[in-house]
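K.L.:
Residue numbers (my numbering): 1496 to 1822.
Think of the hints as simulated: they come from the structure by calculation, not from any bench.
Even for Gly, the Cβ is constructed at its ideal location relative to N, Cα and C.
Among these hints, one or two may not hold up.
Derived Cβ-Cβ restraints for the label pairs, each shown as a range [claimed, not checked]:
(1) 1790 / 1679: 34 to 42 Å
(2) 1782 / 1543: 24 to 32 Å
(3) 1716 / 1788: 20 to 28 Å
(4) 1675 / 1772: 18 to 26 Å
(5) 1543 / 1791: 40 to 48 Å
(6) 1674 / 1519: 21 to 29 Å
(7) 1782 / 1664: 29 to 37 Å
(8) 1531 / 1737: 23 to 31 Å
(9) 1797 / 1528: 39 to 47 Å
(10) 1535 / 1615: 23 to 31 Å
(11) 1716 / 1679: 38 to 46 Å
(12) 1613 / 1790: 32 to 40 Å
Derived SDA-like pairs: lysine to any residue, alpha-carbon spacing no greater than 25 Å straight-line [claimed, not checked]:
(13) 1630 / 1674
(14) 1674 / 1637
(15) 1580 / 1617
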Amino acid sequence: MISATAGALLAVSLSSTPLMQQKLSPEEAAVFSQQDLAKSNMRLPELTRPVNILLLGIKVLTSDLEEYPHYSSDVGYHALVNSFKGLSDTMLLVRFDPKNQKLTLLSIPRDTRTYVEDRGLTKINAANYYGGPAKSAKAVSELLGGVGIDRYIRVNVQGVEKLIDALGGVTVNVPKDMKYQDDSQHLYINLKAGEQHLNGDRVLQFLRFRYDNLGDIGRVQRQQLLMRAFMEQSVNVKTLSRLPKILSVIQSHIDTNLSVEELVALMNFAAKTERSNVQMLMVPGEFSNPEKYNASYWLPDLTTLDTMIAKHFDFGYDSEKLENYES
């Protein structure tokens, strides 16, 4: 009931102000599915079929831009910018499956070595920098053996912070003490281990910390931990009173080719999905040997990955065989 009311209010509020979307060329738009994802009824929009959504978390600093913003001298050379023209620090392919009432999140480490159009074999997070959401979608599809991608959502670091604050924060179990300082980015991380309620700034500290033995994989694990906590806590009575702030963040810090109807359908589905039916995965692989590669990569295990995609995304040469075997 709560999610239905929140979804209805969200739909009404968003209908008056369109979602932000980067202008895609016809060739770029063709990368994504042209089929409808949702249908409306007397209550809320609902998904009509399984859909795959590419979620990209973008970090852009003033130093990444060809022309620095006029305020850069005041906030620091490496200050965060409300932009989407950078590397994708977070990459997730999320499958919403209304037939089986399942939600599957596949994390793709940003250092994954794969083919990026016009760039060759490189880190997959560079795809957004060189070609935006369309090139990122192509790279992800290539990595996953050709799996289709229906829509994309891009959120920048500032948007994550503001969205968490708009929701009233999130309770997370920080696995260990985290302390790091980088004056050039105005980045100051100081978190103690244990369960605690984090505001937007402290969530960014949690996500941006990477100085542990697992490197980028440790960051992926924290992303998944936060996603699970976010899903469990974000839909409640208090969410209704915070809708204006949430809508403001969505409209100013999130870029997507989803329609309002589709966005509401996805949110409604996620809110109703049993947590036992939420599966979190990561592209399997291993760290590269520094003696063999001139950069640090995550080398995907393509054989295991193909089986994973067939099983959880219903795509690939043996997806039907796996389904018959498990039944």
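K.L.:
Hints broken by the structure, by number, lowest first?
P.N.:
Hints 1, 2, 4, 6, 9, 10, 11, 12, 13 and 14 contradicted; others consistent.
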